[in-house]
Amino acid sequence: MKRKEFLSRLIGEMTDFLLEGDPLRLVVSLHQEEDGAHLSFFDDQERTEQEIEKIRTALNPKRNRPELAAYYGTMAGRDLNLGSRLKLIGWQIKQATVTNNNPGIHIDLWLGSDSFIVPKK
Amino acid sequence: MHKRERTLYLLMLVILCSLTLAGVILEGPEDLLGKLLLLQTRGARLISDFTVHGVGLALLNVASVGFLGLVLVYFAAINLSGPTLATIMTMMGFSFFGNTLYNSTPVIIGVFLASKLAKVSFGSYSIIALFGTAIAPIVTYLSFEIGLTPMIGIPLGIVSGIGIGFILPAIAGTLLSLHQGYSLYNMGFACGFVGLFIASILNALGLLQPLAVLWSESSSLALTLVVPVMSLFFIITAFTLERPGEMLSGFLGVQGQIGRLPSDYYESESPSGTLLNIAVLGLIYWLYVLGVGAPINGPVLGGLLTIMGFGGFGKTVKNTIPIVLGVFLTTLLLGNSPASPSPILAALFSTTLAPLAGQFGFFIGILAGAIHVIVVDVTASWHGGLDLYNNGFAGGLTASLIISVIHWLSANRTREDFT
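Residue numbers (the working numbering), protein chains in the order written: chain A, 1 to 121; chain B, 1 to 419.
Just chain A, same shape as in the assembly (with noise of 0.2 angstroms):
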């Protein structure tokens, strides 16, 4: 699939997801790299931390589901419930980083090369 496509297959799909909450700002920030990408989401939309908890573990899938991703991934950006739709862009993704800003949200998707991966703390 072309760059593009998948780029914006991902936001569509997570800005969709935070726009449900209803949020007032909500900030989608890109940077991308022959070898990798890095995807930044922000909104202001408040969550307790079993929410948070869910969209990380969702987004970081335990295991890899190249026959769903592959085929089903064209149903990202629809209304799946909240863990199939972000399970599968989990699978699509290198890894996930939730953190919460209370009030708010940060998710830091990472795609392509090992030099896109969060780094460690």
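Calculated from the structure, these hints are not laboratory results.
Treat each hint with caution, since some may be false.
Unchecked claim - Calculated pairs, DSS-like style, for lysine-lysine (alpha carbon to alpha carbon, straight line, at most 27 angstroms):
(1) A:K62 <-> A:K94
(2) A:K94 <-> B:K3
(3) A:K2 <-> B:K116
(4) A:K94 <-> B:K116
(5) A:K94 <-> A:K54
(6) B:K3 <-> A:K54
(7) A:K62 <-> B:K3
(8) A:K94 <-> A:K4
(9) B:K119 <-> A:K94
(10) A:K4 <-> B:K119
(11) A:K2 <-> B:K119
(12) B:K119 <-> A:K62
(13) B:K116 <-> A:K4
(14) B:K318 <-> A:K54
What the hints assert, rightly or not - Which stretches of chain B does chain A cover? Using the computed rule of at least three CB atoms under 8 angstroms from a CB of chain A, they are:
(15) 120-134
(16) 257-265
Using N, Cα and C, we set each Cβ at its ideal position, and we do this for glycine too.
Go by the hints and put chain B onto chain A.
What follows is chain B alone, placed relative to chain A:
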């Protein structure tokens, strides 16, 4: 490999070996291979009940295609879980009336070649490859049914199967967005779409023969016992995975699921609860078939095995009942018998629309079933019976219609406009 995946492999091996053994016992050891080879040349378009050629032979065919599916899942290095179990069980079900090793393999090879062109692993396209065998009757049809010599017919059939398999990944994804995952047999929709064009070409060349129905009315103890015995295997396996309390709460958790694609209950819910859901679905609809007085023949078993297979990937007792009720009531309203071929198959396979009932409730489920049973009656002739998942084709159309209207209604909320 995780323990629960190993258990599932073991369960499938037990089922496939049992079917093989039953097939050998019923058919007798004499010239078994010859009979099985002859079955590969039999017409496979809808509706070709293979049990007419011998119950044991049909069981052997089911086992052989099931082994093909299981081996491919293993070597494609993907999880044996809800979706892959659904593909294998569906292939097995349709091997009672259409799929054979001969006609399924070229389609799978075609999808494999497409994965090479797209530079992705075969595992990524494995679900498309396995469900894509819905269009396999074209291979048998061109090879043996249009009067060509085997020297020409066999290569033509194989090459056509490979060619069709090659374009399936492109079509499958596009059609999925039409109904947005509300029809579980999306590959049936895709293969029906392709089948429309193939049937039109065959028709233009004067090569499309009229549809015929080969439907066994006789009952056989072996066929009658297939579903209860398989359900028993699933229940026993469920008990080995988790404690009864966990199994029951898992089963109830599964009933609360909408079922929209892709919903892998085996991974996202409890494994034992999922296996219990599979067994209960099989038993409920087996009783439905007996209740309406339909024969347990090849196509009916195909429907039952497909329901069971999707018990881990979209279907629950709760979301299937409204759809089947819609089919049943409409059949009665139209003055037809629920036990005749088209209505009984529509009742079983209409459960492709289960996510509609899961998401929008009981009455939308009944409406979906009612529309489906009317549409499915004509769609087989559109693709010349070449798409084995004809209900998937009709289900895709029905789901697309209902979803379009529902989304249009829900999108017209003026209070949310910026004006």
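Structure-based check of all given hints:
1. A:K62 <-> A:K94: 12 angstroms, holds
2. A:K94 <-> B:K3: 26 angstroms, holds
3. A:K2 <-> B:K116: Holds. A:K2 to B:K116 sits at ~16 angstroms (cutoff 27 angstroms).
4. A:K94 <-> B:K116: 22 angstroms, holds
5. A:K94 <-> A:K54: 18 angstroms, holds
6. B:K3 <-> A:K54: 25 angstroms, holds
7. A:K62 <-> B:K3: 15 angstroms, holds
8. A:K94 <-> A:K4: 17 angstroms, holds
9. B:K119 <-> A:K94: 18 angstroms, holds
10. A:K4 <-> B:K119: 18 angstroms, holds
11. A:K2 <-> B:K119: Roughly 12 angstroms between the alpha carbons, so the hint for A:K2 and B:K119 holds.
12. B:K119 <-> A:K62: Cα-Cα ~24 angstroms, so holds.
13. B:K116 <-> A:K4: 22 angstroms, holds
14. B:K318 <-> A:K54: The hint holds at about 26 angstroms.
15. 120-134: holds (count 8)
16. 257-265: This one holds; 6 residues, not fewer than the three required, reach chain A with a Cβ under 8 angstroms.
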